[in-house]
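Chains A and B are the protein sequences, given in the same order. Convert by adding 25 to the 1-based position in the first sequence; the result is the number in this note's numbering. Convert by adding 25 to the 1-based position in the second sequence; the result is the number in this note's numbering.
The set of hints was computed from the structure by calculation and includes no laboratory data. Where hints are given, some of them may not hold.
Chain copies aren't distinguished; within one or between two, either way the pair holds.
With a straight-line Cα cutoff of 16 angstroms, these simulated EDC-like cross-link-like pairs (lysine to aspartate or glutamate) come out [to be verified]:
1. 253 / 373
2. 253 / 283
3. 70 / 373
4. 253 / 69
5. 70 / 102
6. 253 / 63
7. 441 / 127
8. 441 / 373
9. 70 / 98
10. 441 / 378
11. 70 / 378
2 protein chains.
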Amino acid sequence: MADLAEEDAMRRTQIGSLFAEGRITEVRRRLADLHSADIADLLDKLDEADEKLRLYALLEPDVASDVIRDVGDTSRDIILEHLSDDRLAEVVERLDTDDATDLIGGLPHERRGTVLDQASPETRREVEDLLAYPPDTAGGIMKKEVAAVTVGSTVAEVIAQIRARADIYHDIHNVFVIDFRGHLVGVIPLRRLILADTGIPVEQVMDTDMISIPVDLDQEHAAQRFEKYDLLSVPVVDPIGRLVGRITIDDIVDVIAEEATEDILALGGLGLEAARPMTAMSAIRVRLPWLGLNLLTATAGAATVALFEETIATLAIAAAFMNIVAIQGGNAGVQTMTLIVRGLALGEIEGKDAGRLLGRELLTALANGAVLGLVSAAMAYAWTGNAQLSVVLGIALLVNLLIAAVLGSLVPIGLKKVGVDPAVSSNVFVTAGTDILGFFVFLGMLALLI
Amino acid sequence: MADLAEEDAMRRTQIGSLFAEGRITEVRRRLADLHSADIADLLDKLDEADEKLRLYALLEPDVASDVIRDVGDTSRDIILEHLSDDRLAEVVERLDTDDATDLIGGLPHERRGTVLDQASPETRREVEDLLAYPPDTAGGIMKKEVAAVTVGSTVAEVIAQIRARADIYHDIHNVFVIDFRGHLVGVIPLRRLILADTGIPVEQVMDTDMISIPVDLDQEHAAQRFEKYDLLSVPVVDPIGRLVGRITIDDIVDVIAEEATEDILALGGLGLEAARPMTAMSAIRVRLPWLGLNLLTATAGAATVALFEETIATLAIAAAFMNIVAIQGGNAGVQTMTLIVRGLALGEIEGKDAGRLLGRELLTALANGAVLGLVSAAMAYAWTGNAQLSVVLGIALLVNLLIAAVLGSLVPIGLKKVGVDPAVSSNVFVTAGTDILGFFVFLGMLALLI
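Put together the whole structure using the sequences plus the hints.
Structure representation (structure tokens):
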């Protein structure tokens, strides 16, 4: 398994050295054997902007278009900045419309028009159409290249049409059938075209119970449909059922990876932009706000502890144990929250499940809290010999686990209900809550007793 | 976008009510219009095992096979337990070999043989072959159904062969070309078969620079290749290059979702099994070990604080501020760790990048620590008027952010190097480290000063 990755790395290193030595003919020959994604990797690994540009300049036009689609953001920005408008228009012309739209959408506003002016009228119109959809919807990830035939065509006519436009249909899986007003009425898998008699009309080979996706559907929901129904390529329709485009599985794979990365980063208190390779400067900008917010909540926790300054002055060892209560509550709360956030993101949890879920979480917290409370109380007694302190520790730990179950379940569901992304914001509320309430319960009980 | 989900939910509710009312003919009629994935959803939503079994019994054999593949684990276990061996063998016969193998692999060992005894010799041999591969490798997710032709065949012969085996080749995207010893030598996209002249040999239409995957490649690495090269269907080869199977993108989508879920749950201190719908009983079993481990590390933190019992007895308010140092360090450490773990999982970070990454993290920590240290020191001074305490707080916070940068970077890279999954284990080391060292630095400096 390491073989493939190592082989890739070796080839990259070899080309890198040849390039550094200025053996351009040899580099060009080797690049011709590489997949565009591997050339993109090679470009990304070059440190200097200047080197990236010189290597990019060696590529054939067709490959150059694919590579600019596949490179990382840093390399892409550098290349785009140095590419002339008409070279860029050529790239846009060669790309599929969805990739072309992503590229144009990433340009400064004032440059979009000047580049599109150099492109063909058809490309210009299609890209402008696609730019109008929000990027995180079905419309924002679809492409305009669809193989569509009207009802009444024969199989032979369909095959002739595909043959005539073979360059555009390089990745089709299905042919869509539309009526005379452009409404989607059926779909024919490519495989079935091979098996069918050429003389029969498409109506006899098409499926009519196909799955389509509305153009304004959120990309995450579109991805869920692909996963659920094992789809490869899905027609996209406008609100009155007209075929407007197509989404393919390779774009969905990117969506799934992006959404998962977003959720993972959010749980760590980071935004999606944090995943971009970045300088320390931008790392500071991305992370400082979250740490600043946490400084606020940590200060609220400190203020809670300060309420009990006298108790701690009397019994300093309480300061050691209060953290056990807070940390255990935080961990249990994050466990619950992680499950709920993931369930919400995958559409497995609906609002009406909240009651049942909370019940299960409280039961789990009661059992875990009883075990951990007993263990920690026994441990504290063995350590300090202070029975009061030990009992208070055990009870406070149990109570904080119950608090954690409530916060971990209801905070994400509540945030989702008011339209805030639970993956991004749940963590801070849950851990701040279990810290503050954990300190309050433990120190409050101690203050009453001593 | 909610429309689709609501429509689904409505249809499910309607069928559910009809079923509860015992209107079996009507239920059967409606089920015929549903996709197997929707029927699986319906089954999953039924609460009682008995109801699930009665609904499942209404399904046509072909649909029943697809549904058992699509249902959740709970429903599947119930159905499998009550299905006779020969009914189950029928299901296995109808499924693709990869799904059949997953199903058989989920049965108790003693039942596997008795079910396979009822299947056809071909199915039996193929499933037994596939069971031999570890489930998380290319061999464990591939299927045996490949459209393979030998060199020298004509396009017409290939099409005739596909036509003859249309029932097995229901989802092919490519035809593979092998030589007489079974070695993979080329691949023909289906689309090209439609466009090619029927009389020419396959050598003239096949690609020879296709991407293949070794049978023992880790499934996560296989998924990375699909993502990188935008693949749909990839031939799997044994160590000497013979074609042994095929992996399709729908299985890869499942792998990506599963790996992402695993990473997300691990960051929350949970294993993959936590994502299964479960009773409170199993939730306790899954989560208690992690909380128990955290109780240990929290106790180590408490022991650190206890070292400075005298300091706290003298200056009780220190107990309020020590948590700010620990919490900020923990949050910063988790930010760094999350990025590194994700980068390692996606193969974007290699061992040799460690030095450069650590440099960037330390620089970021220095800047963030300076800002947050100043703010917290100013806040503490405004609150307590104690200059010594405030300066110590600011410095300790800065130092703990530097500690967090080191732990957050090196712990995951180190764990990966010794073969431990960094996603599962990094969190506990990083947060325990920042807690303990944060307390030590802050209280230690205070103890020296007062």
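Of all the hints given earlier, name the ones this structure violates by number, lowest first. Hint 7 is the one this structure does not satisfy, whereas the remaining hints hold.
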